[in-house]
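Protein chains in written order, with my numbering: chain A, 1 to 624; chain B, 1001 to 1197.
Read the hints as simulated data drawn from the structure, not as lab findings.
Hints may be right or wrong, so weigh each one.
The list that follows gives simulated cross-link-like pairs (lysine-lysine, BS3-like), each with its CA atoms no further than 30 Å apart [unchecked claim]: (1) K552/A - K1096/B; (2) K537/A - K1177/B; (3) K613/A - K511/A; (4) K548/A - K1168/B; (5) K613/A - K1130/B; (6) K342/A - K1096/B; (7) K1183/B - K548/A; (8) K562/A - K588/A; (9) K552/A - K1177/B; (10) K1130/B - K552/A; (11) K545/A - K1184/B; (12) K548/A - K1130/B; (13) K251/A - K230/A; (14) K613/A - K1177/B.
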Amino acid sequence: MGNEAIARGALEAGICFAAAYPGTPSTEIMEALAAVARDAGIYVEWSTNEKVAFEAAYAAAMSYVKSLTTMKHVGVNVAADILMSSAYAGVNAGFVIVSADDPGQHSSQNEQDNRWYGMHAHIPVVEPASPRDAYRLVKAAYMLSEKYKHPVLFRSTTRISHTRQPVTFEEDIPVEKKCKGRFDRDIERWVLVPAHGRKQKKRMMEVWRRVAEEEGVEPFIKIINPGMKKAIIAGGIAYSHVMEALEVLGKKDEYTVVKVSLPVPLPYKPILEVLKESQEILVVEELDPVLEMQVKKLAYENGVESKIHGKDYVPINGELDLDSVARSILSFEGREPVMPWKPLEPLHLEPPVPARPPVMCAGCPHRNTYYIVKTAANKAGLKDPIFTGDIGCYTLGYEPPFYTQMTSLEMGGSIGVAHGLSKVVDEPVIAVIGDSTFYHAGLPPSVNIIYNKGHAVILVLDNQYTAMTGHQPHPGTGLTAMGEPTVRVPIEKLLETMGYKTYVINPMNVKESINIVAEALKKYKEGEQVAIVSRMKCALQAVRKARKEGIKLPVYHIVEDKCTGCMVCVKLLACPAIVVPKGAKKPKILPELCVGCGLCAQVCPFKAIEVFKEGSPNWLEAWK
Amino acid sequence: MTRYNILVTGVGGQGLLTLGRVVGNAAILAGIDATIAETHGLSQRGGSLIVQIRLGDGESPLIPRGAADLIIGMEVLETARRIVYANKNTRIAMNKFLWPPPLADYPDLDQVISRIKETGVKLYIVDANKLSEEVVGSVISANMVMLGFAYAVDDGLKKLFEKEHFLKAMERVFRGKAAELNKKAFEKGYEEGLKQA
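Generate the whole structure from the sequences, applying the supplied hints.
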């Protein structure tokens, strides 16, 4: 996998320190490093957020220890403050920031192009064309960082990070690594008061100038088939699409191709040569015209009259692929984009194939909590609550039948937005946030509500892991990234200390939880500051533990004679294990999917759902 | 060389990523270059999922619509959804398992099968969930049943791989008893495929 290739490249480059906050599609880089950390003799941590991770890894590089931090593209927004400053102060050892972008938004709220961050912060950006290329280029990125004593941004994308490809290792991981650093008390460098900052800016801009001047060489810029009348300048994965498209279209010999692996700042010398030799140039890059703008500026400043195209032919939205790039090339040539592949028409089905958005898993504790909080709100007479939401599996609560996520903007936003809403609207406001997200960005806005006398309920869904990205441990788990036991930081204590009357529920106990939450919501109505922590382990982890320890989980079924076909279980819970067979009037439970959480049995008004296969006597252990 | 394109389609949790990893390891053993594009994160949570396997020289990881040589469908509705990746020469190996999303209306199995057949593609159907239960006691190895089945019915795969490549690949992906059970599941699917090939 591309992420594993990046991890391996970083190890070969000699890193001894790595810190990150998980986020798709970046997560597996740090997971791969954590898995080998002890054998490789390096330190790896899951930090509480991207800014904290960046600071930790940057401190290592300030102190002569090569380091890595990785994050998803929007994570760079969280770390942007220190990112900017790191470019001013520079580093004393190789320091690479991996930004895993998500063109096409497979699992993100936007598809921002983080090459702009390089431009914005004056940090060079290195960008690979494939997983194999990523493996080599990470090492080149470390060389660049060491050479200029400057941070380097390594931009991956979903299709690099999550594509598997055979990679042949070129060297061993160094046995001798620099893991012990030293801190130079270089006040003028590390204390960015304005007077120092102005001096550091000059250093930074000199690095910027030199990179653009000197790095127009392989592996950063590679020119294939020079001297043709037509040229394509391609960055990142677009290069891989271009090469295959030219092959498929039989046009390989007609084009000069420039592979750009250092898009920011674009090393201009070899590019200018190509601009002078070729008359028609197409810039192919995913998302924004970062290369195109630089190429056009270069042409303008040098009086080059070649025609330069880019986003007039290449899509600006979504990810590119072989098909879209081949079409762009044909359009650029003024031809009809007729493709060699002839797809079948979509099938005419009645009714059509339904959409299948991701759903909460069978046994997911969020389902219980959502059912509980909605029932309790009714019971407490809390009318039309607004549920602000956040980033995690629980975001799926935006869907029917829950409607318990009415915003989901960025990490921690549920609480900050809830505060603002509570100041301007009349409805009650409930901020719903996951455990990992609460540690990440939920603390400052929780304090803000108390300080500024806002009025919103904070509901923390604590499933003990950063679940959506694959169950990484967090400060509530009791484990570090390297698998060592550590303290737990209890969310309820944090909230209590801030001034919230805090209730803790186990949502597997549905009735008891409804009563507790209803009481909490009544207090909220009376004007108290209230928080609720709903704690139950992620179902996937419970199932995993059961399998590992030979624990059998109970399986439920619907007793046909007792079921009236009221569909309450189907309509209120939307559990993937409960289906209505085509044409049937009563639902049934798929035994292979049921994990025995028992929510449906507690919800059924006719007591028609019963245990069908008993679990082991200790089955509840799996959920602990 | 034109790359050989395999689209694996199904629902998150059905073992699509694992199927991709087994094919990837088999490719390494067979000396074939490969890219396998996965989707992660939220898409795992019972959502619609595809894995794109491209075999042969080249690095562009996404299959153009109409360019799949083989589609392995772990679920009926998902196979129908991705039919545009097929052309009329594509082979489709499909698990006879229709898993409707919660709260949705959906076309029935017979309708989907007849519509796919009307397109003229070669459709091979097997109840991989049932065979997996027979062999390993649960549906967990339905993915390997499907891989064995697809290998038996698809000439393109047979040209690229020996059966041994897949069996050895499973030893690299699974450990101990799981490797043995999955190999059995693969063999079961393969036997079933030979009956239809």
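Status of the hints after comparison with the structure:
1. Our distance criterion of 30 Å between C-alpha atoms is met by K552/A and K1096/B, whose separation comes to about 28 Å.
2. Only pairs whose Cα atoms come within 30 Å are accepted, and K537/A paired with K1177/B is accepted, the gap being roughly 28 Å.
3. Straight-line distance between C-alpha atoms of K613/A and K511/A comes to about 23 Å, which keeps the hinted pair within the 30 Å bound.
4. Taken as a hint, the K548/A and K1168/B pair is honoured in the structure, with Cα atoms around 25 Å apart against an allowance of 30 Å.
5. Taking the CA atoms of K613/A and K1130/B, the gap is near 19 Å; set against the 30 Å cutoff, the hint holds.
6. About 27 Å separates the Cα atoms of K342/A and K1096/B, which keeps this hinted pair within 30 Å; it holds.
7. Restraint check: the Cα-Cα separation between K1183/B and K548/A comes to about 21 Å, which is no more than 30 Å; the hinted pair holds.
8. Distance restraint check for K562/A and K588/A: the Cα-Cα separation of roughly 12 Å lies within the 30 Å cut-off, and the hinted pair is therefore satisfied.
9. A C-alpha spacing of about 19 Å is found between K552/A and K1177/B, which places the hinted pair at or below 30 Å, so the restraint holds.
10. Distance hint between K1130/B and K552/A is fulfilled; the C-alpha atoms sit about 21 Å from each other, no more than 30 Å.
11. Of the supplied pair hints, the one linking K545/A and K1184/B holds, its CA atoms being roughly 25 Å apart against a limit of 30 Å.
12. Our distance criterion of 30 Å between C-alpha atoms is met by K548/A and K1130/B, whose separation comes to about 24 Å.
13. A threshold of 30 Å between alpha carbons decides the hint, and for K251/A with K230/A the separation of about 11 Å falls inside it, so the pair holds.
14. Proposed proximity of K613/A and K1177/B is supported: the alpha carbons are some 25 Å apart, at most 30 Å.
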